[in-house]
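Student: Residue-level listing of the chains:
Number of protein chains: 2
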Amino acid sequence: MVENRAPGWSEMLKAIFPHSGKARVLGLTGPPGAGKSTLVDQLARFYRKDDRKVGIVAVDPTSPYTGGAILGDRIRMQEHFSDPGIYIRSMATRGSLGGLARTTADVTTVLDASGRDLIMIETVGVGQDEVDIVRLADVTILILVPGMGDDVQTIKAGIMEIADIFVINKSDRDGAEHVEREIRSLQSLAMRHDGWTPPIVKTVASQGVGIKELASAVSDYEAYLQKENLALPKSVENWQERLVEMLRDAMLEKARTQLGDGNLARLAAEVAEHKRDPYTLVEEIAANAGKS
Amino acid sequence: MVENRAPGWSEMLKAIFPHSGKARVLGLTGPPGAGKSTLVDQLARFYRKDDRKVGIVAVDPTSPYTGGAILGDRIRMQEHFSDPGIYIRSMATRGSLGGLARTTADVTTVLDASGRDLIMIETVGVGQDEVDIVRLADVTILILVPGMGDDVQTIKAGIMEIADIFVINKSDRDGAEHVEREIRSLQSLAMRHDGWTPPIVKTVASQGVGIKELASAVSDYEAYLQKENLALPKSVENWQERLVEMLRDAMLEKARTQLGDGNLARLAAEVAEHKRDPYTLVEEIAANAGKS
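Listed in order, the protein sequences are those of chains U and Y. For the first sequence, position 95 matches number 95 in the working numbering, and the numbering has no gaps at all. For the second sequence, position 238 matches number 238 in the working numbering, and the numbering has no gaps at all.
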């Protein structure tokens, strides 16, 4: 209901919000082929040993036209189906311009309110979209692998500062030390404002190697935030961004309602034929919205 | 000025818009390591032989905190520096939630108005962000490579329908036929509403192989759009999306102005402490915006 913005989604969220806020939220991202799904599965298994209820939100870079989710996740889902302590939700992009980070956050709120102790948001990619999705988590984990080719520098620069923990997965492969050195050298350039130095954890997720160490790194960071009184400020900062995003959508909705879809198509045609300048047009619409 | 939203950017765009609309715009994207930069360089060289003025907008998945651009592009830029017929602009993400697609479009409008005959928008990645950036081009080119690992299926599903032309770069490597078969099999599942079947062009950009064939594929698609009277409808559709995006920003600005930054921080703190439900809050702000 929330994911598809079905009627009543907003009332639903208002009702459950007071019950949310108890879950810890991990955000995991990395380039395609880094083994994220396997790592998330292993982490879920690990946390289940302590009988903690786990929720997984897998955000897939899926077709903006068909809105379908990735088959692989559905298959993976089956594997955990017998354990009610693990709930997995696959989300597609649904073709909305922007908005995916917001929907992911709302779906996470639902899982949180439902009583999950730990929620993992997993997404594929290292672009702005993925940054927006995972930065709203309490702890952000960036998963890299040895031998990522020429663009590894690009990837790490793009998402470097939001990673609270680095994972080098498939670390039994050649080049793991090289990736580690590169991370360290980039870290020396960028000082985090919270004073935390993100640790680098080496894993071989397919064999369960390093999972315990990764869970310890997560606990260490959470303990650091508590000790330095940084947990609430981080949450306030995240909410400030979420509120702006929500406000943007709400205001657009207001303007669209006033304008009407038919008018939008007509105006777009005038702009496409260069009969009208879009910059002045948008200013005029915004100025009039809400006046009547 | 336009990229950084420096004072006067909006007036500038209003003034130059009537002079834009003549350039052809190609959008090129693909996963990291696909060799996009080399391919774009080769295409630029090719078009320069006909003495066409080329503009390149390279959109980098750069740090949301530092806003810096990727060093590699700066270096690449130097190479063409002596040819005034090629103008390269590297763009960083600047940390804005969303918005990158819009800024890219605005920068493209500037290059267009400045008299560039052909503009190439190059971006790294296969997420929603990259889809939003390249789908606003006249012709969208997706660059894949052999041996992309397990996630190749994911990547292609995510961006499949927006590609007007597929390129298999580094096609002298093992697995080129395999990638081609996968594209063909995905194509058989999704019918395009414009009736065009995207061709697959094999290139080895580093050796200049297949560049002429790629340029021919671009011309073929443009000829098809003209023949079927689809060029204007496509442009109207693109502008409809751009207008919505612009309206979203303008309306947000309006709401923020009314609210004030200090208030936003205070309200975010109340939400973070779960004293206030964000969904009701945003509805209230939107309802009040523009009333006074």
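Incorrect hints may have been included.
Per the computed footprint, the stretches of chain U lying under chain Y, defined by three or more beta-carbons under 8 angstroms from a beta-carbon of chain Y, are [to be verified]:
| no. | region |
| --- | --- |
| 1 | 209 to 220 |
| 2 | 238 to 252 |
Subject to a maximum C-alpha distance of 25 angstroms in a straight line, what follows is the list of computed PhoX-like cross-link-like pairs (lysine-lysine) [to be verified]:
| no. | chain 1 | residue 1 | chain 2 | residue 2 |
| --- | --- | --- | --- | --- |
| 3 | U | K49 | U | K254 |
| 4 | U | K14 | U | K53 |
| 5 | Y | K234 | Y | K14 |
| 6 | U | K275 | Y | K234 |
| 7 | Y | K49 | U | K275 |
| 8 | Y | K22 | U | K234 |
| 9 | U | K22 | U | K212 |
| 10 | U | K53 | U | K212 |
| 11 | U | K212 | U | K227 |
| 12 | Y | K275 | U | K275 |
| 13 | Y | K22 | U | K22 |
| 14 | U | K254 | Y | K22 |
| 15 | Y | K254 | Y | K22 |
| 16 | Y | K49 | Y | K275 |
| 17 | U | K254 | U | K14 |
| 18 | Y | K22 | U | K14 |
| 19 | Y | K22 | U | K275 |
| 20 | Y | K212 | Y | K227 |
| 21 | Y | K275 | U | K227 |
| 22 | U | K22 | U | K53 |
Everything labelled a hint here was simulated from the structure, so no lab data went into it. Bear in mind that the values here come from a model prediction, so they are computed numbers and not experimental data. The C-beta atom is built at its ideal place from N, Cα and C for all residues, glycine as well.
Student: Tell me, which hint numbers fail for this structure?
Tutor: 1, 3, 7, 8, 12, 13, 14, 15, 16 and 18
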